[in-house]
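With the hints as extra help, turn the sequences into a complete structure.
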Amino acid sequence: MKRAENAKSFRGSFLLAFLLAAALSTAALWREEGEFLTAARLGWACFVGAIAFLIFYTGRISRWRALFFIVSAWAFVAYFKAFIFGLGNNAFFSPKIQEVPFCHIAIASSFLNALYQQYLAFRSGSWGLWGPLSLGVLWLGVTLAIGQGWCSWACYYGGLDEGFGRVLKKPLFRDFRLPERMRDLPAAVLLVMLFVSLSALLPVFCLWVCPLKVTTAFLDTERATRLIQLAVFSISGALSLVLLPLALKKRVFCGLLCPFGAWQAFWGRINPFRVSIDGDKCTGCGRCLKVCPTFVLNDGTLQNQTVSAYCNRCGECVDACSTGALSYTVWGRSLPVRPGFPGELADVRVFFVMSALGVGGAVGGVYVPDLMSRIFSWLAGAP
Amino acid sequence: MLGLATGPYCLTACAPMLVPYVLASVEGRRRRGLLTLGEFLTGRFLAYVLFGAAAGFFSGRFSGTLPARGVAAAVFGAGVLMLLYSLPKTFPTVRMCAHMNAFPGLRRLPLALGFLAGINICPPFLAGVARVLESGSAGFGGVYFAAFFAGTSVYLLPLAAALPFTHIKRLQSIGTLACGVAGLWFMGTGVVGLLKG
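Top to bottom, those sequences are chains E and Y. Number 383 marks the last residue of the first sequence (our numbering); no jumps. Number 1197 marks the last residue of the second sequence (our numbering); no jumps.
For the record, the hints were derived by calculation from the structure and aren't laboratory data. Using N, Cα and C, we set each Cβ at its ideal position, and we do this for glycine too.
Among the chain E residues that face chain Y by a calculated CB cut under 7 Å, a handful are:
| no. | residue |
| --- | --- |
| 1 | Arg181 |
| 2 | Asp184 |
| 3 | Ala187 |
| 4 | Ala188 |
| 5 | Val189 |
| 6 | Leu191 |
| 7 | Phe195 |
| 8 | Val196 |
| 9 | Leu198 |
| 10 | Ser199 |
Quick look at the structure:
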């Protein structure tokens, strides 16, 4: 197996993978569930552990991260909309979660109502009513742990355009350069959609624009409106999730449309992990610009040697840089890493990847093992 | 009282038009920001008074149905203006976009947007129209809607809170793009409204 310069030793990689898998396995051992589900939870924990091992042992982040990310996204689609693949029987009906977790952008329209509910829940002292607030606390925890890294390590949708972006070896339009200011488009979409949602008291982005409605439903009662929504959904989905990622080898939806990405970029600044450029090592070859899947790196970035807050910490540029000019840092600072086990583990890259895979594994742990257990029971002949 | 009671709706309805424009155009100049807000409010005032007077004047001959296509056309028009404002700033090197700067409506864009936002029929607006239709007087309609304007405008004043941030280049860029996004959105909404009638 080809290993990069900053690959960790076998012992170190195995230890980190074991720790991660063990942490994720506690969910399987803690609860008393059916044998299929327990086996599936352990399987998922082992899968995430294996990804961690491959990242540390090979020293290559993005290839293995992408595998994890794409599996997680397609499992999410299969979990919530198994009937798309013709699997409409009872084995694929979830008694637990019957609709996708609420996207943050959708909350704008019901924010005041949610706030009032929280006030009532607080007054009543009933913890069972604290659902939306718990989601808020979870979001804060994730943001503190990985910040904008959510978009490349834990988001249950991002693996869709990442997957299509990796189908071709080379982009069809090699010289395509996005105007720098266009990278703020998700923030503009967020701004407009927040106001419009508040005005309509509806999750307008989700109903009209989001091409990821593949995991939710068209809600409008009027047939003509539903047809228009379906047309917008189909066109925006085909373009931003499939065709443009195929042609450009970029994550077009995540980089140019997703308002949650802009939201996370703003609040993600509270997270200490960054991708930083070492000006002394940078030769200006531009390889990082070509591989950056979310249009974050551009000529201005290299000149100023600052990576914008939109960076997903996917590791693509870190892997591509032949001089090691790009690396994970804590607020721009690296830690002095001693070679060999165990000193090699005190590395920012280790801390970030462990945090990111931990969060991603925990998020995937909500639905991937359940999906796997349903597939097991379906194969075993469930109706 | 109707304006004061229903004003928050006007805030959410006008914000997608006004906030992106303020962020994109004010560039940290407080005087210019206040003028922009003033122009927008003037546009709304003119629309309200004209609509109120017309509703009162035509009340005898008016069958009670409102010109829904006219409203959709107004929303579509606002969308076109916002897109025309955004495109030359977003793609300054594209020749076709550069020509759009000369479009006459763009010189007084806040006034035009305020006017178009003013004739955007919303539930509180409809309640006001129903009251004016009963009166049958153009004068009463004009005064009624002028008061409605005063009541609702109180809620638009917090939008001035965006002014101190308009010197931030990043926000100017986001505002310019947001004008385009909002423009597309209003154009789409207008087209759907026109198709539905």
